[in-house]
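S.K.: Sequence:
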Amino acid sequence: MNLDDKVCYCFHVSRRKLVNWVRHNAPKVPSQLSMCGGAGTGCGWCIPFLKQIFKQGTGPGAGCASCVATPDETLDALTPEEYAALRAEYVKAGNGTPPPGAEPLPEAKDEKTD
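Note that our numbering has the sequence shown beginning at 26, numbered continuously upward.
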């Protein structure tokens, strides 16, 4: 996933916004990322990814202006479409409920009507 792709579909928070928020605010615990646009407080799908962004942004070399953080392998391994589909599976399995205004779940291929 790229920096401009959404990580939190419930509150439309991009990876770039989260990475910059961590850099500027230096949170002490991952749950503080919820102060960045409410990320992680909707259906809960993005919480493991928020923890990864926290770890990446607060690990060795974080905050060094000349250092480039190593991209998060899990987020980088997924396309935005794969990420959205996995979130849809998570929500449809009853693991979380997106709030009103959240990004709608993508239709499964077998649910589409022509």
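Just so you know, the hints here were simulated from the structure itself, not pulled from any lab data. Errors might be hidden in some of the hints.
Within a straight-line C-alpha distance of at most 30 angstroms, the following computed DSS-like cross-link-like pairs (lysine-lysine) qualify [stated by the list, open to error]: (1) LYS31 with LYS53; (2) LYS42 with LYS53; (3) LYS76 with LYS42; (4) LYS80 with LYS31; (5) LYS76 with LYS31; (6) LYS117 with LYS42; (7) LYS117 with LYS76; (8) LYS117 with LYS31; (9) LYS31 with LYS42; (10) LYS80 with LYS42; (11) LYS53 with LYS76; (12) LYS80 with LYS53; (13) LYS80 with LYS117.
Fair warning: this is a prediction, and the values are worked out from it, not measured in the lab.
S.K.: Does the structure keep LYS76 and LYS42 at a Cα separation of 30 angstroms or less?
M.R.: holds, 15 angstroms
S.K.: Could you grab the alpha-carbon distance between LYS31 and LYS42 and see if it respects the 30 angstroms cut-off?
M.R.: holds, 9 angstroms
S.K.: Against the 30 angstroms threshold, does the CA-CA distance of LYS117 and LYS42 hold or violate the hint?
M.R.: holds, 27 angstroms
S.K.: Holds or violated: LYS80 and LYS53, Cα atoms, limit 30 angstroms.
M.R.: Since the Cα atoms of LYS80 and LYS53 sit roughly 10 angstroms apart, the hinted pair holds (cutoff 30 angstroms).
S.K.: Straight-line Cα separation of LYS80 and LYS42 no greater than 30 angstroms?
M.R.: Measuring from Cα to Cα gives roughly 15 angstroms; hence the hint holds.
S.K.: Does the structure keep LYS117 and LYS31 at a Cα separation of 30 angstroms or less?
M.R.: Roughly 19 angstroms between the alpha carbons, so the hint for LYS117 and LYS31 holds.
S.K.: Checking one constraint from the list: CA of LYS80 to CA of LYS31, max 30 angstroms. Satisfied?
M.R.: holds, 18 angstroms
S.K.: Would you check the hint for LYS53 and LYS76, treating anything up to 30 angstroms between C-alpha atoms as holding?
M.R.: holds, 12 angstroms
S.K.: Quick one, are LYS42 and LYS53 close enough, alpha carbons at most 30 angstroms?
M.R.: Between LYS42 and LYS53 the Cα gap is close to 18 angstroms, so the pair holds against 30 angstroms.
S.K.: Would you mind confirming whether the straight-line C-alpha gap from LYS80 to LYS117 stays at or under 30 angstroms?
M.R.: Measuring from Cα to Cα gives roughly 28 angstroms; hence the hint holds.
S.K.: Regarding the pair LYS31 and LYS53, is the alpha-carbon distance no greater than 30 angstroms?
M.R.: Judged against 30 angstroms, a Cα distance of about 23 angstroms means the pair holds.
S.K.: For LYS117 and LYS76, compute the direct alpha-carbon distance and say whether it is at most 30 angstroms.
M.R.: holds, 23 angstroms
Comparing the model with each earlier hint shows no violations; every hint is respected.
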